[in-house]
Amino acid sequence: MANPQLTQTITQLKSETDLIPPARKQTLERLADYIRQQKQRGAVHLNFICTHNSRRSHLAMIWAAVAAAEYGLEGVHTYSGGTEATAFNSRAVAALERIGFRVDKPGGDNPRYAVRFSDEQPALICYSKTFDDPANPIKDFAAIMTCSDADENCPFIPGVDLRLPLTYEDPKTADDTPKEGERYEERAWQIGRELLYAFALV
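Just so we're aligned: the sequence shown equals residues 1 to 202 in this note's numbering.
Just so you know, these hints were derived from the structure itself, not from any lab. Accuracy of the hints is not assured; some may be wrong.
Straight-line C-alpha distance at most 20 Å; calculated EDC-like pairs for lysine to aspartate or glutamate [said to hold, decoys possible]:
no. : residue 1 : residue 2
1   : Lys172    : Asp109
2   : Lys172    : Glu97
3   : Lys14     : Glu186
4   : Lys172    : Glu84
Produce the complete structure using the sequences and hints provided.
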């Protein structure tokens, strides 16, 4: 069971599907179709990819796991990666905490954060890595491109069943400005809203 604050966030996001533009809904419906088809064959593997694997790809990996649990979809495994490894950005981590996630912060140059959204689900271990890191799937998976740079600069990803551009504006543009916290929460809410919409269709 999610904590009360996160439960409230999820409920709010599920009520906001009218905020998703029609073109985005079409892309999300393609994702739902893929998940539905893969579930019929067995497990579902979703790798969310962004250039630095520091913000948007982690947010998407986490929200996809939440959405799968929310709709009782077993056998869905979520991952994230980048075209290069940096670190899971602390601003994105802080935004997750503000909307109700519990996060263990171990420190270090590329820390392995343990992100928890439910007492019944294992923690998600989040750290920056490349999309082809040994922790990520090598075949029979969807590569979901969460930033346009990664989509353009990574023209070939081996082993994919589906490559789906689902790009988001980078909250990094607001770093060290008065809008920083607002921009990160806005992006976290948008990604959560859209992935909850997609998983509701499965």
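- Which numbered conditions among the earlier hints are violated in the structure presented, ordered from lowest to highest? No hint contradicted; all consistent.
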